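A.B. asks: Numbering (numbering that gives the first Met the number 0), first residue to last: 0 to 164.
Some clues are possibly wrong.
Lysine-lysine pairs mimicking BS3-like chemistry, simulated, CA-CA at most 25 Å apart [as the list claims (entries may be wrong)]: (1) K102 - K142; (2) K151 - K91; (3) K117 - K91; (4) K42 - K102; (5) K151 - K117; (6) K113 - K91; (7) K1 - K142; (8) K102 - K158; (9) K91 - K142; (10) K142 - K158; (11) K91 - K102; (12) K117 - K158; (13) K91 - K63; (14) K102 - K44; (15) K67 - K151.
Since the hints were derived computationally from the structure, they do not count as laboratory data.
Since we're looking at a predicted model, the values are computed, not measured.
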Amino acid sequence: MKCVFVTVGTTSFDDLIACVSAHDSLQIFKSLGYNRLVLQIGKGKVVPEPFSTESFTLDVYRYKDSLKEDLEKADLVISHAGAGSCLETLEKRKPLVVVVNEKLMNNHQLELAKQLHKDGHLFYCTCSTLPGLLQSVDLSTVKCFPPGQPEKFSAFLDKVVGLQK
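Input sequences plus hints: build the corresponding full structure.
C.D. replies: Dropping the structure here:
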């Protein structure tokens, strides 16, 4: 089963959940060979109805103690741009598409996504550009994030959010 895992972390990102669960997005996932979509919706108000057919399954939950199992089973991860979610996904060496929440002010998440994209570790977009990106992107071009160097990521994050020059 080819699976897409979508996570919003501990926050809510209703626009992302609405986008990935829309009929057009489901058709795109199916056309790309995915037959399972797992949504971790956090505290969001948008709660898609889970379903299962012969060709496609949609699972929905708010929180789990760990996302490890869902990340390991995923063939593609679509995530908000939270540092924790990005790092956990990159450490699992999974293809990652980060969707930036344009409604956040002083968006340090955009800076993080831009830098990790520049370094070749992920693709990023907004909700409005996600369907087009999914149809055009070559996930095999993503570079693996160097494992076991949390101090480098921490220093990078400090630089991005302006705590270090």
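A.B. asks: Does each hint hold? Answer for all of them.
C.D. replies: Checked hints:
{"no.": "1", "hint": "K102 - K142", "in the structure": "29 Å, violated"}
{"no.": "2", "hint": "K151 - K91", "in the structure": "17 Å, holds"}
{"no.": "3", "hint": "K117 - K91", "in the structure": "20 Å, holds"}
{"no.": "4", "hint": "K42 - K102", "in the structure": "16 Å, holds"}
{"no.": "5", "hint": "K151 - K117", "in the structure": "16 Å, holds"}
{"no.": "6", "hint": "K113 - K91", "in the structure": "20 Å, holds"}
{"no.": "7", "hint": "K1 - K142", "in the structure": "21 Å, holds"}
{"no.": "8", "hint": "K102 - K158", "in the structure": "23 Å, holds"}
{"no.": "9", "hint": "K91 - K142", "in the structure": "12 Å, holds"}
{"no.": "10", "hint": "K142 - K158", "in the structure": "21 Å, holds"}
{"no.": "11", "hint": "K91 - K102", "in the structure": "28 Å, violated"}
{"no.": "12", "hint": "K117 - K158", "in the structure": "15 Å, holds"}
{"no.": "13", "hint": "K91 - K63", "in the structure": "18 Å, holds"}
{"no.": "14", "hint": "K102 - K44", "in the structure": "16 Å, holds"}
{"no.": "15", "hint": "K67 - K151", "in the structure": "22 Å, holds"}
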